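K.L.:
With the hints as constraints, model all of the structure from the sequences given.
Chains A and B supply the protein sequences, listed in that same order. When you number the first sequence by my numbering, it's gap-free, plus one each residue, and the end is 90. When you number the second sequence by my numbering, it's gap-free, plus one each residue, and the end is 1329.
No lab work stands behind these hints, which were simulated from the structure alone. One should not assume that every hint holds.
Said to hold, decoys possible - Cβ pair distances, simulated, as ranges:
(1) A:N89 x B:K1181: 28 to 36 angstroms
(2) A:S34 x B:D1183: 17 to 25 angstroms
(3) A:E23 x B:G1042: 38 to 46 angstroms
(4) B:M1001 x A:D16: 54 to 62 angstroms
(5) A:E31 x B:E1178: 19 to 27 angstroms
(6) B:D1183 x A:D37: 13 to 21 angstroms
(7) B:D1308 x A:E69: 41 to 49 angstroms
(8) A:D37 x B:G1164: 41 to 49 angstroms
(9) A:R60 x B:G1292: 37 to 45 angstroms
(10) A:S34 x B:A1324: 32 to 40 angstroms
(11) B:G1292 x A:D16: 32 to 40 angstroms
(12) B:F1223 x A:G63: 49 to 57 angstroms
(13) A:R65 x B:G1039: 26 to 34 angstroms
(14) A:S58 x B:E1178: 37 to 45 angstroms
Computed from a predicted structure; not experimentally measured. For each residue, glycine too, the CB sits at the ideal point set by N, CA and C.
Listed below, chain by chain, are the residues.
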Amino acid sequence: MAAEIKRDEVLKIVRDALSDILEIEPDTISEGQSFADDLEADSLALIELVEALEEALSDRVDGFRIEDEDLEDLKTVRDAVDYVHEHAND
Amino acid sequence: MLPVAVDAMGGDLAPQPNLDGAHAAALAGTPVVLVGPEGLEGLTSGGSTLGLIHASEVIGMLDDPAQGVRRKKDSTLVRAAEAVRDGKASAMISAGNTGATMAAALLRMGRISGVKRPAIATPIPVPGTTPTVLLDAGANAEVQPEWLVQFALMGAVYARRRFGIENPRVGLLSIGEEPGKGDTLRKAAHPLLAAAPGLNFIGNVEGRDVMSDDVDVCVTDGFTGNVVLKTLEGGMQAVIGALLEAFAQPDYKEHADALMPALLPLYETLNPDTYGGAVLLGVDGVCIIAHGSSSARAIENGINVARDLVEHDMVTEIREAIAAAAPAD
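P.N.:
Given below as structure tokens:
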């Protein structure tokens, strides 16, 4: 079984991906921020994030995928980190 | 050069106008490859034989753009964008779902480094002179003031490379010419545009200026830009329709016939088919977004526009313009 991916690692991956997509400094991204209201990420930016996370984790988690129907539940950075942490370690 | 990838299945009338336009462009010397289903008929026509990149799915005009790209990974749009990304094509063109074209290009080609958001640039015809480049024409309904500066920089590069305007005049679309006129977005964007290096910013312009010779690049948010675009399209269609109806009256037919040689060039100028579609600026490749009801001629012209932008290396120039305007670390 692959080694567990720690939550801190997931947070870094999410922050780095958001930083690339939104062209903002990773340090300015906090877990409590809302994608829509605080980070002004539109639906396309969220899809970019999902694809970036799937790509980033593809080497470590075979077949890792964020289901489209789960996307609407991911409102904040914390939601995304929790989701990825949980599903990557299933 | 590498071929231009044509989405064979995009558009209301697909695939025929895409095939006919692709053949016409190929016969005129532009390399073209179609992206469509295996067994697509019409790959050979009139002495032209086109290559085919297989794609078994189609993202429909009513499909959700981002979900369509996520779920239909073997769609013509996704495969066309991947062909550009993977160095199998120099550019792509589609008359299909505009949002999905944008999403496919963004997700597969990626953004140019430093670009906050891609924008759709549409040439607005201006009788007697070069078109005005309107952007954003619908990619981003809500924008930040800083994005408008990037739109201006990208639009200026496009106007230079597409229409040969050496130092394009950039205007901010608002509801008055004075710097203080407009909503919060316009008021915040004005000083940023005025301070942007390398930009020939002429200040605010109004809706009536878009089809005039007073501005070359008209910058606005995607919501306003799309409303302006559709209003102009509808207005021009209404005027042309009314003129044709009047000309068909028996009393005026003879006079109308006499006027036709003068009016046809004007019609040609105003006809969207002449320009071949809009361009998605800010992605790392050339992506032409053709009108959903594009004719074969529009597709052919769009392919030729793609070739010109590739040959002029527009993407590199946009990359340099965005990098030069980025704040120093």
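K.L.:
Taking the earlier hints as the rules, which of them does this structure contradict?
P.N.:
1, 4, 5, 12, 14
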